[in-house]
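Asker: Letter by letter, the chains look like this.
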Amino acid sequence: MFLKNCWYVAAWGHEVAGDGLLSRKILGEQVLLYRQRNGEAAALIDRCSHRFAPLSKGRREGDYVRCMYHGLVFNADGLCVEEPGRDQPSDNTSIRSYPLVEKYKMLWIWMGDAQRADPSLIPDCHWQDDPAWRSIPAYIHYEADYRLIMDNQLDFSHLSFVHENTLGGSRKIAETVPTLEAIEGGIRLTRWYLNEPEIAPYLRGVVDLKGAIDRWHIYDWFTGGNVLNMDSGSAPAGTGAPQGHRAPQSLQFHATQCTTPEDEHCSHFFWTYAHNFNLNDPAFTKALAGRIEIGFVEDREMIEAQQKVVDVSGDDKMAFISVDLGLTQGRRLLNRAIAAEQAAN
Amino acid sequence: MFLKNCWYVAAWGHEVAGDGLLSRKILGEQVLLYRQRNGEAAALIDRCSHRFAPLSKGRREGDYVRCMYHGLVFNADGLCVEEPGRDQPSDNTSIRSYPLVEKYKMLWIWMGDAQRADPSLIPDCHWQDDPAWRSIPAYIHYEADYRLIMDNQLDFSHLSFVHENTLGGSRKIAETVPTLEAIEGGIRLTRWYLNEPEIAPYLRGVVDLKGAIDRWHIYDWFTGGNVLNMDSGSAPAGTGAPQGHRAPQSLQFHATQCTTPEDEHCSHFFWTYAHNFNLNDPAFTKALAGRIEIGFVEDREMIEAQQKVVDVSGDDKMAFISVDLGLTQGRRLLNRAIAAEQAAN
Amino acid sequence: MFLKNCWYVAAWGHEVAGDGLLSRKILGEQVLLYRQRNGEAAALIDRCSHRFAPLSKGRREGDYVRCMYHGLVFNADGLCVEEPGRDQPSDNTSIRSYPLVEKYKMLWIWMGDAQRADPSLIPDCHWQDDPAWRSIPAYIHYEADYRLIMDNQLDFSHLSFVHENTLGGSRKIAETVPTLEAIEGGIRLTRWYLNEPEIAPYLRGVVDLKGAIDRWHIYDWFTGGNVLNMDSGSAPAGTGAPQGHRAPQSLQFHATQCTTPEDEHCSHFFWTYAHNFNLNDPAFTKALAGRIEIGFVEDREMIEAQQKVVDVSGDDKMAFISVDLGLTQGRRLLNRAIAAEQAAN
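Protein chains in written order, with numbering that gives the first Met the number 0: chain G, 0 to 344; chain Y, 0 to 344; chain E, 0 to 344.
Check each hint, because a few of them may be wrong.
Given that identical chains are not distinguished, each listed pair holds provided it fits within a single copy or across any two copies.
Stated by the list, open to error - Quick list of in silico lysine to aspartate or glutamate cross-link-like pairs, EDC-like style, CA-CA up to 16 Å:
#  : residue 1 : residue 2
1  : 209       : 112
2  : 102       : 39
3  : 316       : 90
4  : 102       : 280
5  : 56        : 323
6  : 56        : 315
7  : 56        : 297
8  : 171       : 60
9  : 171       : 86
10 : 24        : 180
11 : 171       : 340
12 : 307       : 197
13 : 307       : 76
14 : 24        : 76
15 : 316       : 14
16 : 3         : 18
Simulated from the structure, these hints should not be mistaken for lab results. Note that the structure is a prediction, hence the values are computed from the model and not measured.
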């Protein structure tokens, strides 16, 4: 069960280059991504109308894609513009195209009703191409339902356990009850951990902030497209960070995580972890991304293992505990949006 | 859905040799092939009647096969001729045998009603053991429904695209409408491409024919056993090839392609590509087979990719286009034959 | 279909050691095995009550196991004893524990009604830790239904064929009708082969008994837990072995084989092959186990091949032959026990 009328990240812009034909399954549909001569990216169903050969085994010809089984040619709108052996293409030879927008270095696709594809609905992820921030586009493939990833994002307590020696480092994270607010299209979760003895393990050795800190996690999660924007950081303890004052030694980060269902069983996870200091130090940007990736691999290992257990658990009920506040609310918003969409059809 | 009352190629004769026990799935049934002491090949179900151990893990003993789980022995008719610990075998210990005929270097099996197994129904494939021709027996395994292979054989336009740089080499192939005739048990498709600038890419470097040519493809396809016999070749342009005159410099080939369903998902593809010149040049025979194999691997890659798309396309309809004349007629003959067979049961 | 109210071997005791968390599927349920600080082993469902993460990705903390997703802690009875961020664990956070007994170097688990878990029902396997015998604990994983393994154990004739050059070595084994008796909880099968020309192939080169022998196989098979205890051996011919006199040169063995269903498709096979001579010669114990393992691998290859054929044979009926006496009776006992258990529920 997927929400269809929203923008999902289909790919990083750099994944679709030159003559390349990128085939990726999204919401269970195999999609072909390619660029036209002017650089504009396009998305078609990766299936020739004729005998269902995959167009990704074809070739780009200018603004078009040719199926290399029997030679039919399609434009970026899915219209068949050439059928070998015939002046005009036969009936029913056009194929589906999908609205596609390139923004924040990402290709955003709309899998639902194309009439409703409004680019202004794409959540703000400007940190990814804002010159005041630095990050590296990254991707992880998950053998897990996107909702288990969403649960993980909307829960903070796992940082103390899954990421005990990396992104977490403090039992206080699991013990702090977050503030939950509704925002346009989603929810915001806020947690502050004041006067912690030191920075998180993943930062040790790559930044210079010593001594006690005030630490925060502020997550904005958007139902459409499963987009998570996280404002997080550490400031010297008692320098007023919770009141909005960010002392110069503060470490500020902005993470973006977009989870696109591949199908009922697997997911695409696109992420960045931007910093607004050390802007001219690519080695730092790379080292930071490497540390974060270790944490995300910890998540994936746990979630994929969890998925296997869920798969064989039938109708057995999970127990709800106190830290489930965020994920419960997230699931509620998602289920409500899916139900509304299906009721409208 | 398979046609059962017809001869299918089960194996090349040379695949069943000495004490060997060859197990191969045909039309979803696991068949054991072996030779008796006089060299005559036999086909049994590859399953002991007793505890269903595969006989292919047993051993040939003279004209018989012994199951090496509990020792039962079967003759070439499937009769149990020995049961350890008992003078006479118990009831119900016999197993199924299949009519099997060795002809044209191939073992032909009849999977349907044995009463109807008439060897005269085997299509003529004499080019494979006629001393006036040379070829090398070859085999390709397909992860695809046999009907997608049949579609490919009855369509010519793919030569221009799948085999653009090998077996095809001319856009004219896709653009030429074939002549279609009914023949006994199947259909014949004929195409001529006159005054083509040069021979096909796969022949370049292995034959000497220079300059413009008249080129032809004449395919005889038989519903029973999915047998394709192809007469093809190239003659110097304007030397009367279409009228039946084959100038001495002409290159004539005869291909045989037999597709046997392994099960609903996979297929066996047995092929040769015979030539009637350079008869005493085994290096040429080998080089030619190697070039053809490259083309057949191109087909397999496309068809297996197509199969994966078909598998997830549910009831979606393919578009019919002008080049589908041959495959449409072939499918119609096949469906009609299967329906007739099932109605008779 | 499994018998649930009986003791199955879950693991060898040595497989669960130190801080280790052993996850093993038993009767289709994923079970976690670990040891408490006093060395006592415990068995829990390998699934946290909260979000179904596997506890085997957690860690042992003293007598407890902590889930490393969100930090819940469980004791050996499955009670949740800690929930991060809360003084008392939430409702419904406890998980299933299973009765577990360590005996004869094995961990015996009870998958059915815990109220009925009576340790006195564990069959006698004392040869495995009796100082008068020597053996090496061993394990084989089977991709086969446990009942096909049971069939194999209750049939002797396969020794002449599957183990022609190892454990068998005589056609007489297949030709001898066994004596079958009912015993408490199972059946006993007895076969004697008098005046055989020599010892079995697997013993050649590792023992000194020359010349003609009297050989025997006495199998006690217990329905509960699929436990087979075999008394077997070889004595110099005519020295009174069948009458109970065991001449000093006799070779006596005691094999224990416990088959635990992993699920409907696979099985765990725990075995020893104890000898009561050469007690201080570990090289002999090892060599003997190596020879036996070769035989058990022969069994596995045949049974796994048989399973694949059974899987595609639908409702086809196996033929019953004269050597099926033991397996027929064993299957009857098992089916009756399962039916009785299900009727009681």
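Asker: So which hints don't hold here, by number, going up?
Answerer: Of the numbered hints given earlier, those the structure breaks are 1, 4, 5, 6, 8, 10, 11, 12, 13, 14, 15, 16, listed in rising order.
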